[in-house]
Structures are given as C-alpha cells and as structure tokens.
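2 protein chains.
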Amino acid sequence: MPQIAHTATSELLYLLHQDPAELREALAEMRPADIAEGLRDLPTDAAAKVMAALPFDLAAEVFDEPELAHHRCGMLLRMDDPTAGQLIDAMSSDQQADLFREIPEGERKRLLKVLPESARESLKQLLKYAPETAGGIMTTEFASIPANWTVEQALRFISEVGRAKETIYAIYILDPSNEKLVRVVSLRELVVARRDANAVEVGRQQPPITVSSDTDREEVARIISKYNLLAVPVVDDEMHVLGIVTVDDVIDALVSEHTEDAQKFGGMEALDAPYMDISFLSMIRKRAGWLCALFLSEMLTATAMQRFQGEIEKAAVLAMFIPLVMSSGGNSGSQATSLVIRALALRELKLRDWWRIALRELPTGLTLGAILGVIGFTRIVLWQHLHIFNYGIHYLLLAITVGLALVGIVAFGSLAGSMLPFVMKRVGFDPASASAPFVATLVDVTGLVIYFSVAFLILRGTLL
Amino acid sequence: MPQIAHTATSELLYLLHQDPAELREALAEMRPADIAEGLRDLPTDAAAKVMAALPFDLAAEVFDEPELAHHRCGMLLRMDDPTAGQLIDAMSSDQQADLFREIPEGERKRLLKVLPESARESLKQLLKYAPETAGGIMTTEFASIPANWTVEQALRFISEVGRAKETIYAIYILDPSNEKLVRVVSLRELVVARRDANAVEVGRQQPPITVSSDTDREEVARIISKYNLLAVPVVDDEMHVLGIVTVDDVIDALVSEHTEDAQKFGGMEALDAPYMDISFLSMIRKRAGWLCALFLSEMLTATAMQRFQGEIEKAAVLAMFIPLVMSSGGNSGSQATSLVIRALALRELKLRDWWRIALRELPTGLTLGAILGVIGFTRIVLWQHLHIFNYGIHYLLLAITVGLALVGIVAFGSLAGSMLPFVMKRVGFDPASASAPFVATLVDVTGLVIYFSVAFLILRGTLL
Numbered sequence: 011m012p013q014i015a016h017t018a019t020s021e022l023l024y025l026l027h028q029d030p031a032e033l034r035e036a037l038a039e040m041r042p043a044d045i046a047e048g049l050r051d052l053p054t055d056a057a058a059k060v061m062a063a064l065p066f067d068l069a070a071e072v073f074d075e076p077e078l079a080h081h082r083c084g085m086l087l088r089m090d091d092p093t094a095g096q097l098i099d100a101m102s103s104d105q106q107a108d109l110f111r112e113i114p115e116g117e118r119k120r121l122l123k124v125l126p127e128s129a130r131e132s133l134k135q136l137l138k139y140a141p142e143t144a145g146g147i148m149t150t151e152f153a154s155i156p157a158n159w160t161v162e163q164a165l166r167f168i169s170e171v172g173r174a175k176e177t178i179y180a181i182y183i184l185d186p187s188n189e190k191l192v193r194v195v196s197l198r199e200l201v202v203a204r205r206d207a208n209a210v211e212v213g214r215q216q217p218p219i220t221v222s223s224d225t226d227r228e229e230v231a232r233i234i235s236k237y238n239l240l241a242v243p244v245v246d247d248e249m250h251v252l253g254i255v256t257v258d259d260v261i262d263a264l265v266s267e268h269t270e271d272a273q274k275f276g277g278m279e280a281l282d283a284p285y286m287d288i289s290f291l292s293m294i295r296k297r298a299g300w301l302c303a304l305f306l307s308e309m310l311t312a313t314a315m316q317r318f319q320g321e322i323e324k325a326a327v328l329a330m331f332i333p334l335v336m337s338s339g340g341n342s343g344s345q346a347t348s349l350v351i352r353a354l355a356l357r358e359l360k361l362r363d364w365w366r367i368a369l370r371e372l373p374t375g376l377t378l379g380a381i382l383g384v385i386g387f388t389r390i391v392l393w394q395h396l397h398i399f400n401y402g403i404h405y406l407l408l409a410i411t412v413g414l415a416l417v418g419i420v421a422f423g424s425l426a427g428s429m430l431p432f433v434m435k436r437v438g439f440d441p442a443s444a445s446a447p448f449v450a451t452l453v454d455v456t457g458l459v460i461y462f463s464v465a466f467l468i469l470r471g472t473l474l
Numbered sequence: 011m012p013q014i015a016h017t018a019t020s021e022l023l024y025l026l027h028q029d030p031a032e033l034r035e036a037l038a039e040m041r042p043a044d045i046a047e048g049l050r051d052l053p054t055d056a057a058a059k060v061m062a063a064l065p066f067d068l069a070a071e072v073f074d075e076p077e078l079a080h081h082r083c084g085m086l087l088r089m090d091d092p093t094a095g096q097l098i099d100a101m102s103s104d105q106q107a108d109l110f111r112e113i114p115e116g117e118r119k120r121l122l123k124v125l126p127e128s129a130r131e132s133l134k135q136l137l138k139y140a141p142e143t144a145g146g147i148m149t150t151e152f153a154s155i156p157a158n159w160t161v162e163q164a165l166r167f168i169s170e171v172g173r174a175k176e177t178i179y180a181i182y183i184l185d186p187s188n189e190k191l192v193r194v195v196s197l198r199e200l201v202v203a204r205r206d207a208n209a210v211e212v213g214r215q216q217p218p219i220t221v222s223s224d225t226d227r228e229e230v231a232r233i234i235s236k237y238n239l240l241a242v243p244v245v246d247d248e249m250h251v252l253g254i255v256t257v258d259d260v261i262d263a264l265v266s267e268h269t270e271d272a273q274k275f276g277g278m279e280a281l282d283a284p285y286m287d288i289s290f291l292s293m294i295r296k297r298a299g300w301l302c303a304l305f306l307s308e309m310l311t312a313t314a315m316q317r318f319q320g321e322i323e324k325a326a327v328l329a330m331f332i333p334l335v336m337s338s339g340g341n342s343g344s345q346a347t348s349l350v351i352r353a354l355a356l357r358e359l360k361l362r363d364w365w366r367i368a369l370r371e372l373p374t375g376l377t378l379g380a381i382l383g384v385i386g387f388t389r390i391v392l393w394q395h396l397h398i399f400n401y402g403i404h405y406l407l408l409a410i411t412v413g414l415a416l417v418g419i420v421a422f423g424s425l426a427g428s429m430l431p432f433v434m435k436r437v438g439f440d441p442a443s444a445s446a447p448f449v450a451t452l453v454d455v456t457g458l459v460i461y462f463s464v465a466f467l468i469l470r471g472t473l474l
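For the protein sequence lines, the chains are A and B, in the order given. Numbering-wise, the first sequence is residues 11 to 474 according to the working numbering. Numbering-wise, the second sequence is residues 11 to 474 according to the working numbering.
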C-alpha cells in the first residue's frame, strides 16, 4: 500500500494531462489521503485544477485532510466564493479553525462571509482557543444523547446521525435538565449491552474522564493514550461539553510535538511549516535568535581565554587539547539533557526528583570521564613514544592534566546537562528548550576554567 | 482528572495499610490505568500485594496496561503458578509478547508451561517477530466475518464477541473459501448501513490498506495516522490476516520513537527502560560507546592544532577565539541536522532531494555566518577601543579574521549538518543517528582548518 503514496504526485500530474472525464474517473478511485498527499507537492494552480475535477464529496474529504493544511489557503483564493464556501462548510470544525488561523487577515473577513451564519458563529468561537490547547484541536461534531434513553434508542439514533459526526465510537450522555455531562459510553459497550437497558447504566460506572479547553495538547495526548480512549470530551467548569478531541487529532498533535521538540533540541525556534515551505527570511529569523544568544554566551570563552593568555603563551601545547577536552563536556551534557527532557515529558520524573538525578549523574559522569580520561592520557603518551609528535619533556604531566581535566569536565557536563531541563521547568519554560547547543555552551566556559585550573595545579613549576 | 494520576502511588501506599475489605473496595473504584501508574512507582513487594487484593477481572486489566511493562516480570515471580498463568492468559496477545521478551531466559520456560497449550503456541509465534515491527506490536484478537454475511448477521456477531476482541471498530471480511482478506469495514459503516445489505458491499469499495509483519512500527504509525484508521491489518504474502495493530499501540509506539529519537539526537544509544529503572552499568554502556567514538574523532582537532602549533606560538591571541568560532559551526550544524531529520521522518523530503536542501542551506548558512561575523568583529573592535583587552596593534586584522572565519564555518556547519542525515540514510543507518554531538565533532575539525586558513591569508606578514 505505501507505494501508492510515493507516486501520488506524479500520478496526479500525469492525470492532469488526460481528458477531464478520465481524470475524474481515475481520481474517484483514489483515497482522499493519497490525493491530499499528492496535491501537497503540486504547484497551487495544478492543485486547484485537480480539486475542481473531483466530485464534491471527495473534494470535501480531500480538503479536510490535515496533510493539505499549508496549501488550502492558496487553493481557496483561486476558487469562486460559492465553491469556497461549500468546501469550507463541509470541513470538520477543527480543520476549519486550523484553516482560518492560516488565512491572512485581509482575506479572512471575505471567506467568513461566504459561510452560513451558524458555521460562522461556531468557528469564531473555536478561533478563540490557543492552537496548542484542547480547545484549539477539538471538534464540535460529537454524538450526545439524553440520560433517559435506552440502549435501543441510542443505537437507532447513532445509525441515523453516524455519517455526520466526527466519531460515534464515544457517545456523550447528558443530563436532560441541564445538559451537563454525566457519563461517556462507548459504541462497543452499547453494542454488547442488552437492548432494553438504560444507556446510562451501560459500561463501567465511573465519572467521565474530561479535559478543559486550555489543557495542553500534549497532556490531552497523554490522557488519551493512558486510558486508551478514542476521544476525550472538552468541558467547561460546569461539565458542559464544548467539543471532543479524537485519537487521530492526538496523533497529529504528537507528531507535531515530536518535530517541535527535535527542532528546539537542535537549538532553534520550532518552525510552523514544512522545511521546504518556509521562506528564506523566516528561516533566518527562526535560527538567528538562538544562534546569536549562544554566540554571545560563548563569548565568555574568549574572556576566559584572555585570562589564561599567560598560560597559553608559556605552554602553547596546552591550547592543542582545548577543543577535545571542551567538546567532551558538551557531548556528555547533551546525552544527560536529552535523557532528562524525555523522562520529564513522560512523567517518569517530577520536578522534585532533581536531586535523585543529580546523585545518579555525578557517578555516571565521573565514570564516563574516567573512561575518556584514560583514552586521552594513552593518546598523548603513545604519540610521544611513537614519535608522532613531541609534547616536550613534561609530556607525562601534560597527559595527566588532560586525563584529570576530562574526568572533571565530563562529570560537570553530565551534571549540568541533567539539571538544565529542571531549571528550565522551574522558571516556567518548556524543559525541551534546553537544547544540545545550549548545554554545550554552558559547559564550554566552565570546561575551560576546569582545564586551566587542573593545568595550573599539575604543571606549576614545570611548564607554567 | 489528571490529578488522580499524580497521587495514585501514595493512595495505593495508604490503602495498603487499611483492612483488606476496604482495600478491595477502594481499588475496585479506581481505573485500571491509574492503578497501573500507581503500581509503577511502588516496590515490587507492595505492588504484588495490591495485585493480590484486586478482583481478578480488574487485576487482569491492570496487568495488561503497557505502563506496567517493566514491572510485570518482578510481580509474576512473586505469584504462584496458577495465578500467574491465569493473569498471563487474560492479557492481550501483544502485551503477552512484550512480557515474555522481558522475562529472563531461565524463568521463561517455567512461565510458558503454566499457559494453556493454545495460548503458548500463538505466543511462540508472536515472539518470532522483531519488537519494532508490525508483527512485534500486533495483537491476534480481531473480529473477522465471512464475505457472504449480511450487515444484520455481522452486527449480531459483533454484539456477541465484542467483549473478547481488542477492537470491534474494524471488521475484517474474509473470503470463505480461502480465508484471504477481501475488505475491511468499520463498525460505523455497518451501523449506518441497511441491515439486509451484504456486509462486503458496505462502505468505500477499495482494496484494504494493509501492512506486512516486518513493516517498521514507525511506518505503521504513519499509515494509521495518514488514513485515520483505528487499526491496520498485518497480512502475509497471500493476504491472510496475521493480526492487527490498533491505534493505541501506535500511540505507544510513537511515544517510544520520540524518546528514542531524542536520546539518539542527544548522542547516545536509546535506553530500553525508564531513566530511573536502568542500572548504572547499562547506563554507562549506552552512553560510553558514542562518547568514546566522538572523543576519538575529536582527537583530530588535537592533530590539526599540532599542525598549527607554529601559528599559535606566534600569535597566542588566535587561540582565544578557537572555542567561540568552533562552537558556532557546531550550533548551526545542529540546527540544520534536526530540521532535516524531522523532514525526512515526515516524508517531506526524500533522499533525492539532498541537492535542494544543500542549495537552501548554503545561503542560509552564509547569512547566519555573516550575522555572527558582524557581532564577532564588533566585539573585538569594541573591546580594543574600550580598553577592556589589548589584542595588539593588528587587532583590526584579527577582527576581520574572526569575522570571515565565522562566515565560512557557520556556512560549512549548516551544509554539513543538513547533509549528514542524508548520508546516514544513504548508507542504511537511521537518519536520526545523526546526533548534535556528531555534527559538532564533524564541524570542529574542519572549523579549525577554516579558521587557521583564513588567519594565514589575512595575518600573513603581520602576526604570522
């Protein structure tokens, strides 16, 4: 099956040159997700042409695919108002909200006008929620029934409204007097229940699992995954259902989080569009900020080096190992940071566990440092004895300096790297902002100080 | 709701000191996922005690939670054989396979023996698949019907077997003559269809989307997410259904992939257990490998520095900016690498797109390098004029050297960082293995050469 996906774009391009009837027929046999994936890589003009050739129902389904998200806007601007209005109206409410978040301010008013009154109002409502919260990814098309219905009534109702709802696998049972959520029952529980039973008495008798509209989408994902739900209701303070977040929205959210985390850990702001879609200028903007901040902090290394200028002039051989020694601290720090970021995200660790991690990272760092220290020591002694390079008569002291400095720097790197995400979280930032370059920079300056302090202790009276 | 989770462990600990009847009653009201999460942080003895107090059905559900994965083994060894056998038998087949992958070789035989013959055979079958493939995460409890049934028959069948299957939201229609998969129909499609229709004619008439047992779990996740499926069937070469992968397995797989990717990008082997559960020795093993490999490569910087020893001795002031200049290349490289890794994982980029990325990263890197270059240049000139540090009479040439070297190094860093994941993929590795420390190391050596080459060009005849 996956093969279909790889060729979807070229297939669509080929089809565009066939006669319209053939194009229509070939398209009708493709899956909406495949068409959407194919359209993604087409020029907007060609994509709009394909859309125009699709039967309306299929066009609506294709248009609803999150894969098309960054292209919908351009396509809409190439359609006449009635067609655009119909297409938008047929979208699910969460995708509508995503779409309008992307439409430039000027066009937004025009496109809102082509929508029917009711759709416009609920859309305006949805747009009030931040895009990374439950409110921002929820849909308002869910199936609800009053608490006094039987299983039989519920099943009949579901078979009637089934086509129009985002999911019918979770049914929300409301108190008929005040519309408050009293129970969630799954279609599975209904299907296996006695037909004349009261729907509210079916399944486990427990208060429903809910989230509020400002719950972070990552937390929503955690809850859906933990309780194996197909959807979770978003409720207000009085248990009125505002909408639901379905499991496929959560998967999309997880994939986006993964991408954002990776980009942040790489030391930049998260992009809000695919790599090839982002303009040159916004790419620079997203990257230059952190790069400059890191550069300015790293300037402290130059300041530190200036203080050690005397030592370097006396023993230029010391300078040779600076990059090696410093980078090892950054590398071990980067390992520790990535470990702790994920453990915090998965709730394996809590903020108050910081000292348990510190107590683990210190011996780990010392051991790793000792391993590298031995390799570093051996390297210098070996090069000297094999006459590859002449480090001078004090080569043994130099080797000891490098070895000991490595122990200290790697231990400090592990410790600092593991504590940084805790510090970020404590001061209210996303722990994932503790990037590998950030840790490296942090460790570099201290690493220099450690290196020259060890050198001073060991080489005083000989080289220094 | 989430509050429950945070206190589950302490609640369980408290309950353990109540009388058994009260413990039983309180536990019966908790959700399986919450009990599992609470048990996760309890000592194994206490956890086994809680398990013993649970009614069997609930105990089985708790035991089936993936959250308990790393603790099940220890609990089982504290139970008598009949209880252990019953619990294992009640688990879903994918969790059974996960469990037996964790059980030490010696105990495995004993625990296999307590299982009923049929369960043992299918388990042995499942254990043959690699844990990161569709076969490794699939379950064998799915609902299938013959192709000649009506919707009415199908619905009646589902209401009878509903409780025992992993999911009944996707129903697999098999050719009655040879058991081959002909169509997948969703419960939703069945529920809204005419009761006397043929089940096989319900829904979109397209060949089913399938995966094979060796499809990577990340690819399975991509397919489930792309086509918005609740489950995907795993088939052999002849379209016989071996099992299904459900959407909640995929979420767990996505979360694991995220963790693995983060750890790899941090420059280490992926851990196979939570941070606090892993032993000191395996932590060292997982981290020392890459750390040593990086250290050995980074030794090339020492070799490079040895070649430039003359320059450093003549102009120790040059050495001061080595850490600053080098780290900037690593930082921009780390940005580019994280961008490309994700774009490759999301299929936004394909292997053959490498030159398009190169053509984008080169101007991006040059621009970013120019920004840092101006800052670096200004820093040196400013320090000199404010009399913070005296770089000597040739400070302007030094400032130009640092500025130009930054342009070259940041551009090289961006280019190398963006190409590394392509290279990894091309030679058959996971592009995600292109870690931030890896890129930094790669760029460090070249960065030194660029720096000293620029210095030689500009400072020849003055400082050098």
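Honestly, the hints are just simulated from the structure, not real lab data. There may be inaccurate statements among the hints.
Copies of the same chain look alike in the list, so a pair counts if it works inside one copy or between any two.
Unchecked claim - As a list, the in silico DSSO-like pairs of lysine-lysine whose alpha-carbon atoms are at most 27 Å apart:
(1) Lys360 - Lys134
(2) Lys59 - Lys296
(3) Lys324 - Lys134
(4) Lys360 - Lys59
(5) Lys138 - Lys119
(6) Lys360 - Lys296
(7) Lys190 - Lys59
(8) Lys360 - Lys119
Nothing here was measured: the structure is a model prediction, and the numbers come from that model.
We went through each hint and held it up to the structure:
1. Lys360 - Lys134: Intra 38 Å, inter 38 Å, cutoff 27 Å: neither.
2. Lys59 - Lys296: neither (34 Å within a copy, 53 Å between copies)
3. Lys324 - Lys134: neither (71 Å within a copy, 69 Å between copies)
4. Lys360 - Lys59: Close across copies (25 Å), not inside one copy (53 Å); limit 27 Å.
5. Lys138 - Lys119: within (16 Å within a copy, 59 Å between copies)
6. Lys360 - Lys296: between (30 Å within a copy, 23 Å between copies)
7. Lys190 - Lys59: neither (46 Å within a copy, 39 Å between copies)
8. Lys360 - Lys119: This pair counts as neither: shortest intra-copy Cα distance 46 Å, inter-copy 38 Å.
The earlier numbered hints that this structure contradicts are 1, 2, 3, 7, 8.
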